[in-house]
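Undergrad: Sequence:
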Amino acid sequence: MSVTIAPIRLLLVGISLLLAWPLAAIAIGFRSEEEKAKPMTGWRNLFRPLVVFFCRMVFFVAGFQWITVRGKRVSSKEAPIMALGPHSSYFDALPVVYHNLDTVVAKADSGNIPFFGTLMQFTQPVYVKREDPDSRVNTIKEISRRAQSKGEWPQVIIFPEGTCTNRSCLITFKPGAFYPGQPIQPVCIRYPNKFDTITWTWEGPKAFTLLWLTLCQFHNYVEIEYLPVYYPSEAEKSDARLYANNVRNVMAKCLKIPITDHTYDDCRLMMKAARLNLPMATGLIEFQKLNKKLGLSLEEMQLQLDKFRSITTSKSGCITIEEFATYLHLPVSPALQDIFDIYDRNKSGTIDFREYIIGLSLVSGPVNTENTLRLAFQLFDSENNGYITQDGFLIILHNAFKMDADEVETLFLHVDKDKDGKVTFDEFQQCALEKPEYAKLFITYQNIQNENGHAEHLTQEEIQKAKLD
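Take the sequence shown: its letters are residues 1 to 469, numbered as in the UniProt record's numbering.
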């Protein structure tokens, strides 16, 4: 098949595209801005049956000879938006072709792809720039405008997951298409083939490899199932996320697969992790859930991922106790192990990125206040000089972590930004803000001292001995 059928099919796919492209180019050519803002009509729309035919031929010669259809599609007047899922491959363009190349919501740069960009523009798409908040707002407005046209525009086709998944679950639906509060027809897509050559995942085979393997199959099965139109309640009309989640639940029940709180932003974190030479799974943290509970933005999490990468050098993408100690310029000790164990929520012996984010927000963050830092500063500045000396560091850190003089000196020089031999409160605070983990360590040590009823102090002889150690 790889030597005989696949090359012939690839040639026929190319020919079909070459036949579809000029027809689409003529249909969309020389339009004014006013014409672009309206549905395609007149002589331009006469090209649609031919463009759709040749686009369907692309898939026919590729092995998608027939499509199994269940349910009934309604008109755009009854349901102006159609939500398709799960989105798992570029082969999901077939349902778009089957739906007469109606309007799709797509990322902006897809319109610049040779050949395919022209065919994309033929659908009169709603483009969105994922990283641009203003673009998302404009996209929602445009979807609303078309959805409220009372059937003048064709149905808006959207893949609400916003990215490709492996079809084992439905990730969080992006709420954009649900803001208009219009009825939506959910549509489920299946590829019930013996060998899965369709799914295009982040760490799976490359796009051309999947194409070639698919061309080698005698027939590729695809099923499209139309579900009953979902009419939103008043609560759903006022809460797009609730509306999106409820539609997702209906589709998941039909597909008999679970739902998960992962989103496209998790994919962005995965890409960031890959650029940092971390396993892509490092960025898979259920962003939406953490964003809601912890209030951290994607940009903040990306910055924390940079910091996380600076701590760990292991290929596993997790922080070990030794790396945690090195990062804080502290030796491994029972006190440090206690803090490490609080971060290590699943008791695996390492801290993954999700645990690190939660730990910073729920463990170190809340105690990293100015009052806490001033109490910790006073703990080191036992003589109320307004600054901390290296000996002051040594007294506390030797008691808390059994650190010797060399280890204390390394940490002291790290905190003493201006290298004047004294650590002011501003320097102390800056270090604690850069590494919030210290605050929890200080509190832990202070609690130990309070439980003992006194603070331990070293004599000059003990200080000298610690320096010699």
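Calculated from the structure, these hints are not laboratory results.
Mixed in with the good hints there might be a few duds.
Derived lysine-lysine pairs resembling DSSO-like cross-links, with alpha carbons at most 30 Å apart [as the list claims (entries may be wrong)]: (1) K36 - K150; (2) K150 - K206; (3) K307 - K289; (4) K402 - K347.
Undergrad: Hint by hint, note whether the structure agrees.
TA: Hint check:
1. K36 - K150: It holds: about 18 Å lies between the C-alpha atoms, which stays within 30 Å.
2. K150 - K206: Violated: K150 and K206 sit about 42 Å apart, past 30 Å.
3. K307 - K289: Distance of about 21 Å is within 30 Å: holds.
4. K402 - K347: Judged against 30 Å, a Cα distance of about 25 Å means the pair holds.
Checked against the numbered hints above, the structure breaks only hint 2 and satisfies the rest.
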